[in-house]
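Asker: In case you want the letters, here they are:
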Amino acid sequence: MSTKELRSFLPKQDAINLAILAVVIMLVLPLTLDIFRLNLIGKYLTYAFVAIGLVLCWGYGGILSLGQGVFFGLGGYCMAMFLKLEASDPESTAIQSTPGIPDFMDWNQLTELPWFWEPFYSLPFALIAVLIVPTIFAYIIGVAMFKRRVGGVYFAIITQAIASILTILIIGQQGYTGGVNGITDLRTLLGWDIRTDSAKYILYFVNAGLLILCLLFAQFVRKSKLGRILLAMREREDRVRFSGYDVSSFKICVFCLGAAFSAIGGAMFTLQVGFMSPSFVGIVPSIEMVIFCAVGGRMSIIGAVYGTLVVNWAKTTFSESFPELWLFAMGALFIGVVMAFPRGLAGLYVDHILPQISKLYRKIKAQLDAKRNSSQLAAGNQES
Amino acid sequence: MFADYTSSELLSIFAMQGFAGLILFSVFVLMALGLAIIFGQMGVINMAHGEFMILGAYMTYLVSNLFSSYMPGLFDYYFFVAMAVAFICAGALGALVEWGLIRHLYKRPLDTLLATWGLSLILQQLYRTIFGAREVGVSLPDWLMGSIPLTDMIDIPINGLFVMGLTIIISIVIYTLMFKSSWGKQVRAVVQNRPMASAVGINTEKTDRVTFALGCGIAGIAGSAFTMIGSTGPTAGQLYIVDTFLVVVFGGAQSLLGTIASALTISQSQSAMEFFLSGSMAKVLTLLFVVGILMLRPQGLFALKIRH
Chain A
1 MSTKELRSFL PKQDAINLAI LAVVIMLVLP LTLDIFRLNL IGKYLTYAFV AIGLVLCWGY
61 GGILSLGQGV FFGLGGYCMA MFLKLEASDP ESTAIQSTPG IPDFMDWNQL TELPWFWEPF
121 YSLPFALIAV LIVPTIFAYI IGVAMFKRRV GGVYFAIITQ AIASILTILI IGQQGYTGGV
181 NGITDLRTLL GWDIRTDSAK YILYFVNAGL LILCLLFAQF VRKSKLGRIL LAMREREDRV
241 RFSGYDVSSF KICVFCLGAA FSAIGGAMFT LQVGFMSPSF VGIVPSIEMV IFCAVGGRMS
301 IIGAVYGTLV VNWAKTTFSE SFPELWLFAM GALFIGVVMA FPRGLAGLYV DHILPQISKL
361 YRKIKAQLDA KRNSSQLAAG NQES
Chain B
1 MFADYTSSEL LSIFAMQGFA GLILFSVFVL MALGLAIIFG QMGVINMAHG EFMILGAYMT
61 YLVSNLFSSY MPGLFDYYFF VAMAVAFICA GALGALVEWG LIRHLYKRPL DTLLATWGLS
121 LILQQLYRTI FGAREVGVSL PDWLMGSIPL TDMIDIPING LFVMGLTIII SIVIYTLMFK
181 SSWGKQVRAV VQNRPMASAV GINTEKTDRV TFALGCGIAG IAGSAFTMIG STGPTAGQLY
241 IVDTFLVVVF GGAQSLLGTI ASALTISQSQ SAMEFFLSGS MAKVLTLLFV VGILMLRPQG
301 LFALKIRH
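In order, the protein sequences belong to chains A and B.
For the record, in the first sequence the residue sitting at position 87 is 87 according to the numbering used here, with numbers rising by one throughout.
For the record, in the second sequence the residue sitting at position 1 is 1 according to the numbering used here, with numbers rising by one throughout.
Chain B on its own, in the form it takes in the complex (with noise of 0.2 Å):
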């Protein structure tokens, strides 16, 4: 399959798939990180957690909707007020459905994926009702228009490297949470002895509560992101949430160094395959690839050794 191109082409081709991939790689980062909290830290598994990342990409569309026509002067900027809203947004539904919904649940971990389906079934039918069945799309600023041509056959777009450099700010971000805070300590505590943790003074459900709302929130970031590089519909959310949750577990569920080396190595098999083969052939391979390799090792690539 790669007699038909010179090298030179070859090398232009990879690296623009390989930026293709990255940018993909991305968005599935974003996703993944929330739910490696959610699933790999509290065993929840959140079927609506594609819907709280669609809340995020509509969010965005509501707030740069709200900055052009009422302050248009400032529109080049909308895009950091709208990843804030889109964060506390998908937070508060998080932290509400975790009190109304996950509390009830975590004895159960099956019946939560049924419920949480549920909840997403509502949700985009939600989604539906106010913004309508087709999708939207909003406008980028300019600065993030455009692509910096490295090489005649090479460009670079700027919103893509603006979407890279979020994920390495969140992904940064999250870890100094999760491993060097008082905060992230608790939460690990929780994971690994819920009943020891509760006895040396940690309040075990805030604990929770504030994880899942967390994980919401980083779903909701992931969704504003999102919006830069695609149109969002009421259904966009469950096209990725099953390759989502194949990156967690194929990263090793409980380990997020794991979900970033999954989602990189996803991503871009997927993407270099996608030029040569077909799109759907491409997404087969990759995604039997990685049941194969989860059928070999089901612990994952990075797995944390814990005593049950």
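Excised from the complex, chain A in its bound form (with noise of 0.2 Å):
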């Protein structure tokens, strides 16, 4: 790829804020928190996954899921179940009355491993399946859904259905899934332990570095014509369809997109959290991660995530010393977004910091070239 072609996909501005980004994730907060908020944040940037892919699918496709949390509640339990197996040798279940099946399995009566759950023993299946599975389920709810022209609020209310169809089904089906509970007591991948500190810290580091993985590969759509052709469709839809291109694909292309971002998130959730439970698949995770993005700035994959740190780092502020405060913090950040900061945290950045700081690097550069011209002034003057 030439420079040029660099220059289109990641202009310098763009080229700036993500390097920043990756400063303060890759050495920032690494070098200043102990492992214990470390690992909070790497959670945090678990949910910026989600956040991306509402950028694309909700701030340039104009597609709002209300159901995200399902695609990030499928690719964490594709990787929960493969660690649960893992767990559950007949060594350490040996005081079950069925050895070698998960836990919660032997308390639901289960005598046998059900079918679904058998492939889950290899790590590249679960692998696959961590991207697959979401994106498989992505693209029916989306073929169904935009082949038939169901948009906007429609669309947000039957995806948030599906999430609450799904919560329903893992609550209920507690001996396939582990009920309410979740999927817990994960301990190792291929026997390397993920709950000791160093392994927190490189999984940290990992995580980190899908993310700006997935920020580069969000930032290519942005720039494309597929970035292009979302934005087209977000304001006039009918003049995009008339102009001979099929609406529905491209909505469906980045509805997987989004729920393919969702799912890695997911699994490095599970990953770094240690277990898997339905409060991360239902409505309310689901709308919190849209507010991330709004927070962030809905047309910012950069603000996103920025976005989904301080909210998170809010709640976790504020309902740790008052809990009763924090739901009416985010409600009331819920209708500021939307009311009085529509653009998030980036339109802020654009329209406050960006002035000041050009401002202030216009001013210094002036100053420079005056001490420059002065100097050059004096050094005539003394020649003479």
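Honestly, I wouldn't trust all of these hints.
Stated by the list, open to error - Derived pair list, reagent style DSBU-like, types lysine-lysine, alpha-carbon separation capped at 30 Å:
hint, chain 1, residue 1, chain 2, residue 2
1, A, 43, A, 200
2, B, 180, B, 206
3, A, 223, A, 43
4, B, 180, A, 223
5, A, 12, A, 200
6, A, 147, A, 225
7, A, 365, A, 4
8, B, 107, A, 225
9, A, 147, B, 107
What the hints assert, rightly or not - DEER-style ranges, computed between Cβ atoms:
hint, chain 1, residue 1, chain 2, residue 2, range
10, B, 106, A, 220, 30 to 40 Å
11, B, 285, A, 198, 39 to 49 Å
12, B, 106, A, 314, 25 to 35 Å
13, B, 200, A, 9, 46 to 56 Å
14, B, 293, A, 244, 49 to 59 Å
As the list claims (entries may be wrong) - Selected chain A positions facing chain B (Cβ under 7 Å, derived; list incomplete):
hint, residue
15, 31
16, 64
17, 157
18, 160
19, 165
20, 287
21, 329
22, 330
23, 335
24, 338
25, 340
26, 341
Derived from the structure by calculation, the hints contain no laboratory data.
Glycine residues also receive a C-beta, built at the ideal position from the N, C-alpha and C atoms.
Quick one: dock chain against chain with the hints and give me the complex.
Answerer: This is the structure:
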């Protein structure tokens, strides 16, 4: 790729912002925080995957999905199933009436592993499933909805219903899914203990690296033709359709992409936090993920990451010290971000901080120029 | 799954479950009618609708406490006062919300959704602060307790009958308001063509506000009725909001008749299946069925033919 092509995909300003973000999450945070807090940040960053997907779906495509938790959860559950099977080998589960199956199955009087758990003994299968299962699910939903031109609020309501269905299903089918507690007590990944501090550091950096990769990919989509068609579709869907584009395929594509991002986030969540439960699948977490994206700025992929960090950090701080105030603050955040700052943090940055920075930059540059001129002048005077 | 039961047992199971379904149906209809007016007619997604319902429920709780401590003699009739209070409070809050929030967001329906979700969080926490996190129940007056035995195996609870009667009356009132009164004509005109309605002299802003307030007021009555069959907690509204939206969408958002028909379908299939399967599976199957139908027929059961 030539420099010019690279510039068109990653303009200077975006490259600087991305570099700053990379420095913050790869250097500043790991150096300043202890491992407990860093693990917490890692957990927040897994939500950022979802938020980036939402920027593409909602900010660019105008498709608001209130069921992103479904894909986050599916990805997380695929990962958790592999880890759980590894944790429940016959030796460590010898006290169960059926050794070798996960403990919650034993508690629910299951005597053999259900068929859909079998393939998850293999890590390659599990990793592929993390990506493929949610994407296929998103594809089915997308085809069913977008081919019939269901969009806007209807799509939001139906995705919400799907999130609700999946949560009820997971909670109801306790023997197969671990019920409301989810899949807990995950220990090792191919014999490598994921609960130690060093493992947490490594997982944090893997997570951060994947996030940067996802950001680059999302940036690529934004600047590609797909990104421009999505924008056009959001503004005037009919015109794009009349220009000969198959609108629904583009929508399905970006929806699947958002689902795949969320799934990666879910899998990393399971690895870092050590469990997966239906409380990350349902309606409430799904809508919260939308607010991460809205706070960051629904048109800015980098803003989405900051938005996720800020909201989650606020949530943790608030609910540690003033638990009853948190819901008020969260509600106010929803209303405020919609009414007053529809462009979120990114909008504030572009409108207020960026002009200040460039003003400062120009001022410093002017001063330097003046200094150079005066010193040149002085040098000239001495010569004469 | 039917093999273990005799035919007369099956009949009474279906009758009892059918009646249980009818009570669920009443709550659905009362919730959904308000929502159908707000969402179907105005196109506004009100995620805080459940919280308006809970406001009605808490108002009923307060009124019943007031009556039992100050006017025990009139306790038998507190429910009618409670209903009026619930309607007025929820309606007033609705008008306030429309003025402060919704009015600025008519052109951005997805943003309304987020803003009203925020409102619902605030209201939930408000209820929790004021009334406590525990669920509260009201005591029913004597004439609403007990049940009418129809046969040996079929008992019909009186409070259920009362709630159903209430639902029918309110549905008729709403229908008359929307389709027979001049106000209803104005609402429908604004929905179909806002600039034209405004041009012929309808005050669209006022119509919007009254419509929204009415929808919320009906939610308040729904909450009032809800106290008779269940207890009220700060987050109880959230449990119903998705179901209610599905009821409205499934019925065809702009048709009140469709809303009633879809509430009937959903509640009946859910309570009939509940007896034979576990409650969660019944709900999953019902919702899947609805979502499946909506994928085949996105406009809902009864779609109004409107040219856009």
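Asker: Next step is simple, just say for each hint if it's right about the structure.
Answerer: Consistency of the hints with the structure:
The straight-line distance between the Cα atoms of residue 43/A and residue 200/A is roughly 11 Å, inside the 30 Å bound, and the hint therefore holds. Among the hinted pairs, residue 180/B with residue 206/B is consistent with the structure: their alpha-carbon atoms are about 19 Å apart, no more than 30 Å. Between residue 223/A and residue 43/A, the direct Cα distance comes to roughly 29 Å. Compliance with the 30 Å bound is thereby established for this hinted pair. With a CA separation close to 54 Å, the supplied pair residue 180/B and residue 223/A exceeds the 30 Å bound.
With a CA separation close to 33 Å, the supplied pair residue 12/A and residue 200/A exceeds the 30 Å bound. Pair hint residue 147/A plus residue 225/A holds up; C-alpha atoms about 21 Å apart against a cutoff of 30 Å. Distance hint between residue 365/A and residue 4/A is fulfilled; the C-alpha atoms sit about 27 Å from each other, no more than 30 Å. Under the criterion of a C-alpha separation no larger than 30 Å, the hint pairing residue 107/B with residue 225/A is consistent with the structure, at around 28 Å.
Between residue 147/A and residue 107/B the CA atoms are separated by roughly 25 Å; this keeps the pair inside 30 Å, and the hint holds. Checked against the hint of 30 to 40 Å, the C-beta distance between residue 106/B and residue 220/A comes to roughly 36 Å, which is consistent with it. For the hinted restraint 39 to 49 Å between residue 285/B and residue 198/A, the CB-CB distance of approximately 47 Å keeps it satisfied. As the Cβ distance of residue 106/B to residue 314/A is approximately 30 Å, the hint placing it in 25 to 35 Å holds.
Distance hint check for residue 200/B and residue 9/A: the Cβ-Cβ separation is about 53 Å, which falls inside the suggested range of 46 to 56 Å. Restraint check, residue 293/B to residue 244/A: a C-beta distance of roughly 32 Å breaks the suggested window 49 to 59 Å. With a least beta-carbon distance of about 36 Å to chain B, the hint placing residue 31/A at the interface is violated under the 7 Å criterion. Taken as an interface hint, residue 64/A checks out: its beta carbon lies about 5 Å from the nearest beta carbon of chain B, inside 7 Å.
Against a cut-off of 7 Å between C-beta atoms, the interface hint on residue 157/A holds, since the closest Cβ of chain B lies about 5 Å away. Using the Cβ-Cβ criterion of 7 Å, the hint placing residue 160/A at the interface with chain B is satisfied: the shortest such distance is roughly 6 Å. Residue-level restraint check for residue 165/A holds (minimum Cβ-Cβ distance to chain B is 5 Å; threshold 7 Å). For residue 287/A, the shortest C-beta to C-beta distance to chain B is roughly 6 Å, which falls under 7 Å, so the interface hint holds.
Contact between residue 329/A and chain B, as hinted, is not supported at the beta carbon level, the nearest pair being about 9 Å apart and thus beyond 7 Å. At about 5 Å, the closest approach between the beta carbon of residue 330/A and any beta carbon in chain B falls short of 7 Å, and the interface hint on this residue holds. At about 4 Å, the closest approach between the beta carbon of residue 335/A and any beta carbon in chain B falls short of 7 Å, and the interface hint on this residue holds. The interface hint given for residue 338/A is met, as the beta carbon of that residue sits about 4 Å from the closest beta carbon of chain B, less than 7 Å.
Interface hint status for residue 340/A: violated, as the beta-carbon distance to the closest one in chain B is roughly 10 Å, over 7 Å. Hint status for residue 341/A: violated, given a least beta-carbon distance of 12 Å to chain B, over 7 Å.
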